[in-house]
Amino acid sequence: AQKITQTQPGMFVQEKEAVTLDCTYDTSDPSYGLFWYKQPSSGEMIFLIYQGSYDQQNATEGRYSLNFQKARKSANLVISASQLGDSAMYFCAMREGQMWDDKIIFGKGTRLHILP
Amino acid sequence: GAVVSQHPSWVICKSGTSVKIECRSLDFQATTMFWYRQFPKQSLMLMATSNEGSKATYEQGVEKDKFLINHASLTLSTLTVTSAHPEDSSFYICSASGTSTDTQYFGPGTRLTVL
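Protein sequence lines, in the order shown, are assigned to chains A and B. At position 92 of the first sequence the residue is numbered 92 (my numbering), and the sequence of numbers has no breaks. At position 90 of the second sequence the residue is numbered 90 (my numbering), and the sequence of numbers has no breaks.
It is possible that some hints are incorrect.
Covered by chain A, according to a simulated footprint, are these stretches of chain B (three or more residues, beta-carbon under 8 Å) [as the list claims (entries may be wrong)]:
#1 46-56
#2 95-109
Coverage of chain A stretches by chain B, computed from C-beta distances (three or more under 8 Å per stretch; other residues unrestricted) [stated by the list, open to error]:
#3 39-46
#4 90-102
#5 105-114
Label pairs and their computed distance ranges (CB to CB) [stated by the list, open to error]:
#6 S15/B with G10/A: 16 to 24 Å
#7 M45/B with G97/A: 13 to 21 Å
#8 K66/B with E44/A: 31 to 39 Å
#9 N58/A with W10/B: 16 to 24 Å
#10 S100/B with I46/A: 18 to 26 Å
#11 T20/A with N70/B: 39 to 47 Å
#12 G16/B with A81/A: 46 to 54 Å
#13 K14/B with S74/A: 46 to 54 Å
Rather than coming from a laboratory, the hints here were simulated on the basis of the structure. Cβ coordinates follow ideal geometry from the N, Cα and C atoms, glycine included.
Go ahead and model the full structure; you've got the sequences and the hints to work with.
Okay, here's the thing in structure tokens:
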């Protein structure tokens, strides 16, 4: 069974609009972490934001925020005021456990296209 | 954030040859390194986890004799693709973590093309 599900293979969004990328996850471990990464065409994985399962507040990093709904097992990424440079592949990922050496599993990704 | 490098960034080789990819943590000690493979337009698939000084743990379906992983020091792990074939052509990405880091840090990736 898939542990990380991203249901949007691709999205087109007008520049300056906000965009929400969906992610649901499945785990029975009470301690886990959720990540979002951006992968531009160059291939590098750029860390965007992290949410721990015990965190009370939704994580925010600049224009990125994570809408964490624990009961729904949902961790959507919200990008405010999108820019052309946001066009890339976006991966949601989960780490079961919160240790630095626990493995991270990735979803299939969403390709985001920002239109001028 | 911590810096992880990979070398080479791209490599082209003939079928049947072996290729070694290096992953280095430049400013921290990486007790654990992870190797991922990414086919075009697909997600990252974890191949194996290596801890410094011990044997790597391979994910189900990954041939340990074909993908040799060595993590002999706290700053270097190597992945050797033995007897490479065209179906091994892929983007290989490593990540590293250690006691001083709160998460994994990814290298820039190595694009392998086997002719």
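We went through each hint and held it up to the structure:
1. 46-56: Satisfied; 3 residues make the cut.
2. 95-109: Holds, because 12 residues of the segment 95-109 of chain B bring their Cβ atoms closer than 8 Å to Cβ atoms of chain A.
3. 39-46: holds (count 4)
4. 90-102: holds (count 4)
5. 105-114: It holds, with 5 qualifying residues against the three required.
6. S15/B with G10/A: 16 to 24 Å: Violated - the Cβ-Cβ distance for S15/B and G10/A, about 34 Å, lies outside 16 to 24 Å.
7. M45/B with G97/A: 13 to 21 Å: 20 Å, holds
8. K66/B with E44/A: 31 to 39 Å: 26 Å Cβ-Cβ, so the 31 to 39 Å window is violated.
9. N58/A with W10/B: 16 to 24 Å: 39 Å Cβ-Cβ, so the 16 to 24 Å window is violated.
10. S100/B with I46/A: 18 to 26 Å: 21 Å, holds
11. T20/A with N70/B: 39 to 47 Å: At roughly 42 Å between Cβ atoms, N70/B and T20/A fall inside 39 to 47 Å, so the hint holds.
12. G16/B with A81/A: 46 to 54 Å: For A81/A against G16/B, whose Cβ atoms are near 52 Å apart, the range 46 to 54 Å holds.
13. K14/B with S74/A: 46 to 54 Å: 47 Å, holds
Hint compliance for this structure: hints 6, 8, 9 are broken, all remaining hints hold.
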